[in-house]
Amino acid sequence: MKTKIKIISAITLIAFLLTSSSAFALGLTAGPVRIVVDVGASNSSRFGLLNNGNETITVAIRAEGDAAQFLTFPTSLELVPKKLTYVDVTATIPADYDGSLGGNITGFMYALQEGSPGQVQINVQARKVVQILVPQYGGKIPEKTTAQTSEAQEAGEVTGFAALLGENFILFAAIGAGVVIFIAFVIFSKFDISINPKRR
Amino acid sequence: MRKLIAGIVAAVYSVMLTASPVLAPDTGVTATLTVEAVCEFSVTPTPINFGSTDGTSNEQTLGPQTVTASNDGNTDITSLDVYGIDWEGTNPLNTMDVTQTDYDDSSGFTDLTLSTGTSVFGGSLADDASDTVDFQVTVPADQPADDYDQTITFTFGCDQLG
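Those protein sequence lines, which keep their order, are chains A and B.
First residue of the first sequence: 1, per my numbering; consecutive thereafter.
First residue of the second sequence: 1001, per my numbering; consecutive thereafter.
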């Protein structure tokens, strides 16, 4: 009887720990949401949320900042376990927009997962930067920086002597053969090795 | 259908699939799959419990209670902060200021006071990294007897603006 109680207790504890540890595991796709919108038009983009727990959860979504007034999105979303769920975001710039916020209107979107009630409840929320780019007022997708481009080029290029060897197989083979002969010469001269046919 | 594979670096991957029927020229099909860059924040244990004061009228500090924050994603968390709200008793008249809670985190931020505005907690968290934070609460000497609770919210993001 005691053994049964111990087993049941252990299973209950393991189940509790698994449930507890999976209660908070909220994921968010990287990078800002950038939406290019003409005055008097709408455009959409999206970002992903990941529930890495074991049960379906509901997150509350809200927007803050200058961009918030131009955005529409679902205010609550169910996230099934282990799968990216995308939040569709639509930006609308009214025809009478006067450009007072410029061509790069920024804001934040939040996805809030409320924690279990307790003496100290712990919530987790994901924050996504949103940029609405209005071409008529100078808004445009930023280009990659020069530094990023040159780093990528450096990573992909082989330069100098290594490149010369890579392009010239005969030179590579000749140098390799020379190294082998030199090593053989050193070994034979240092250790006085001679090759004799086997005597039967 | 899109599935996530743990430990795979975020990128666009291409693979050439070649079908070679007998007595026919080779034909190739290029398949492309995208692994999304995802930061993933988890915190445990939750909720936390400081227990009770001992019934004396002196100011008392409870805790610390340690929680572990982790990034289980495949890209860095580039912003991470925390805020709280005031402690509330079951009697709505009984409250305790949010600043009675303070915290230290293992990345070097010590003796920080919780506030209703966002405060930096570590500031970032690399992928597959974790950080521990110790919370403690100081109960004033004249605090009315009641059961109090508080909500703390961690906010994370992985946006690199450029």
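Derived from the structure by calculation, the hints contain no laboratory data.
Note that the Cβ used here is the ideal one computed from N, Cα and C, for glycine as well.
Just so you know, not all the hints are guaranteed correct.
Taking CB as the label site, the calculated pair distances span [to be verified]: (1) B:S1115 with A:N43: 18 to 24 angstroms; (2) A:Q136 with B:V1035: 48 to 54 angstroms; (3) B:G1028 with A:S116: 49 to 55 angstroms; (4) A:E114 with B:D1147: 40 to 46 angstroms.
To be clear about the criterion: a stretch of chain A counts as covered by chain B if any three or more of its residues have a C-beta under 8 angstroms from a C-beta of chain B, and this derived list gives those stretches [to be verified]: (5) 30–37; (6) 44–58; (7) 105–119; (8) 127–138.
Some chain A residues near chain B, calculated using beta-carbon distances under 7 angstroms [to be verified]: (9) F24; (10) I61; (11) G65; (12) A68; (13) T72; (14) I122; (15) V124.
Task: Coverage of the stretch 127–138 of chain A by chain B (three or more Cβ within 8 angstroms) - done: holds (count 3)
Open item on the list: Just to be careful: measuring from the Cβ of I61 of chain A to every Cβ in chain B, is the smallest value less than 7 angstroms?
Closed with: Interface hint status for I61 of chain A: violated (14 angstroms vs cutoff 7 angstroms).
TODO: With a C-beta cutoff of 8 angstroms, work out whether three or more residues of the stretch 105–119 of chain A approach chain B closely enough for the coverage to hold.
DONE: holds (count 7)
Task: Interface hint compliance - G65 of chain A to chain B, C-beta minimum distance less than 7 angstroms - done: Violated, about 13 angstroms.
Open item on the list: If you count the residues of the stretch 30–37 of chain A with a beta-carbon closer than 8 angstroms to a beta-carbon of chain B, do you get 3 or more?
Closed with: holds (count 3)
Open item on the list: Min Cβ distance, I122 of chain A to chain B: is it shorter than 7 angstroms?
Closed with: The hint holds - I122 of chain A has a Cβ within 7 angstroms of chain B, the shortest such distance being about 4 angstroms.
Open item on the list: Between the beta carbons of S1115 of chain B and N43 of chain A, is the distance compatible with 18 to 24 angstroms?
Closed with: 37 angstroms, violated
- [ ] Please verify that hint: A68 of chain A, Cβ, nearest Cβ of chain B, below 7 angstroms or not.
- [x] Status violated, d = 16 angstroms.
Task: Residue hint V124 of chain A, partner chain B, criterion CB-CB below 7 angstroms - done: V124 of chain A check passes; min Cβ-Cβ to chain B is 5 angstroms, inside 7 angstroms.
- [ ] State, for the Cβ atoms of Q136 of chain A and V1035 of chain B, whether the hinted interval 48 to 54 angstroms holds or is violated.
- [x] 36 angstroms, violated
- [ ] Confirm or reject the coverage of the stretch 44–58 of chain A by chain B under the rule of 3 or more residues with a beta carbon closer than 8 angstroms to the chain's beta carbons.
- [x] Since three or more residues must qualify, the claim that chain B covers the stretch 44–58 of chain A holds, with 3 doing so at under 8 angstroms.
Task: Status of the given 49 to 55 angstroms range, CB of S116 of chain A versus CB of G1028 of chain B - done: 53 angstroms, holds
Violation of the numbered hints given earlier is confined to hints 1, 2, 4, 10, 11, 12 and 13; the remaining hints are satisfied by the structure.
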